[in-house]
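Each residue of the sequence shown is one higher than the one before, starting from 1 at the first, in this note's numbering.
These aren't lab readings, by the way, just hints derived from the structure by calculation. By construction, the Cβ of each residue, glycine as well, lies at the ideal position given by its N, Cα and C atoms. Misleading hints may appear alongside valid ones.
Stated by the list, open to error - Think about it this way: if two alpha-carbon atoms lie no more than 30 Å apart in a straight line, the pair counts; the simulated BS3-like pairs of lysine-lysine are:
{"hint": "1", "residue 1": "240", "residue 2": "182"}
{"hint": "2", "residue 1": "182", "residue 2": "262"}
{"hint": "3", "residue 1": "240", "residue 2": "262"}
{"hint": "4", "residue 1": "196", "residue 2": "262"}
{"hint": "5", "residue 1": "182", "residue 2": "196"}
{"hint": "6", "residue 1": "240", "residue 2": "196"}
Unchecked claim - Derived Cβ-Cβ restraints for the label pairs, each shown as a range:
{"hint": "7", "residue 1": "189", "residue 2": "18", "range": "22 to 32 Å"}
{"hint": "8", "residue 1": "125", "residue 2": "88", "range": "31 to 41 Å"}
{"hint": "9", "residue 1": "92", "residue 2": "199", "range": "37 to 47 Å"}
{"hint": "10", "residue 1": "85", "residue 2": "257", "range": "13 to 23 Å"}
{"hint": "11", "residue 1": "244", "residue 2": "63", "range": "36 to 46 Å"}
{"hint": "12", "residue 1": "129", "residue 2": "240", "range": "38 to 48 Å"}
{"hint": "13", "residue 1": "122", "residue 2": "93", "range": "33 to 43 Å"}
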Amino acid sequence: MSGFDANWLHQREPFDLAARSGTLAAQFCAAVASSANGPLRIIDLAAGAGANFRALAPLLHGDQDWRLVDHDPVLLDAQQAQIARWATGQGWSCHALEGGLSVDTGSARWRVRGHLLDLAQSLEQLELAGFDGVTTTAFLDLVSAAWLDRLGALLAHARRPLLATLTVDGQRDWLPRLPADKFIHDAFLRHQSGDKGFGASLGSAATACLADRLTAHGYLVRTARSDWHIGADQRDMLLKMVEESLAVACATEPTASPLFAKWADERTAQIASRQLLLTVGHLDLLALPPA
């Protein structure tokens with residue numbers, strides 16, 4: 001389950017790509033390759049429009065089979081369209097196969113299939129042992145501690161490496177600062193803890209929570225920062241973040257809506273004059289199973 005529409009996922013993808021930890025991605029790829037026999041098999045949870053595939057497939061050498069799991073059939077359709085455009089833009093051939101696509105880079109063939117599944121209810125239907133690695137991105141802050149218990153148990157049974165990227169850590173640093181930033185931030189944190197379909201969301205505590213659970217299962221866990229740095233010239237993204245912050249704050253604390261609207265007006269004026277910068281905190285997590 002992603003909870004996002006395809007347009008937002010497309011808008012955020014360049015920022016995600018720039019923010020991802022190259023070190024953890026390389027270590028994940030090495031771990032996957034070390035245990036694979038034949039094409040590398042990767043399953044991506046809450047795959048959205050396929051950003052993890054586009055980021056990681058070029059780093060994984062050789063033939064690959066990808067399973068992209070999401071609950072939203074609209075996003076599953078968007079996966080195929082966006083992957084086809086991306087592959088064609090890279091100069092690679094791409095053709096349809098049953099349930100997905102085949103991308104031929106000249107040196108490798110990648111098969112990519114969508115999988116419609118409600119991860120909140122049906123996570124245990126996935127046979128993780130049938131894959132060489134598990135990935136997810138921008139997802140774990142939406143789930144509950146109980147759901148992470150379930151994921152941890154499945155990973156411990158399958159003994160497969162996990163790369164979980166771009167989990168929100170609750171930090172937002174607007175520059176220049178305004179007095180109302182604290183109220184906006186508090187409203188954002190309260191909104192994060194709401195139920196997104198998986199029970200009470202962990203929000204900024206998700207990465208630490210999963211790290212504790214997998215460490216208890218004997219995994220070696222590493223984390224790295226993967227913050228967005230949104231510059232003054234990236235006005236569309238800044239406007240999106242101001243609009244999102246305003247909407248979340250007003251929904252969380254309706255009585256303070258006039259204060260939040262004034263904050264948004266000030267931030268919009270700063271965007272127009274190229275004075276605003278924003279850092280959005282994220283964490284990447286790599287978990288390697290015990291030998």
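Numbers of the earlier hints that this structure fails to satisfy, in rising order: 10
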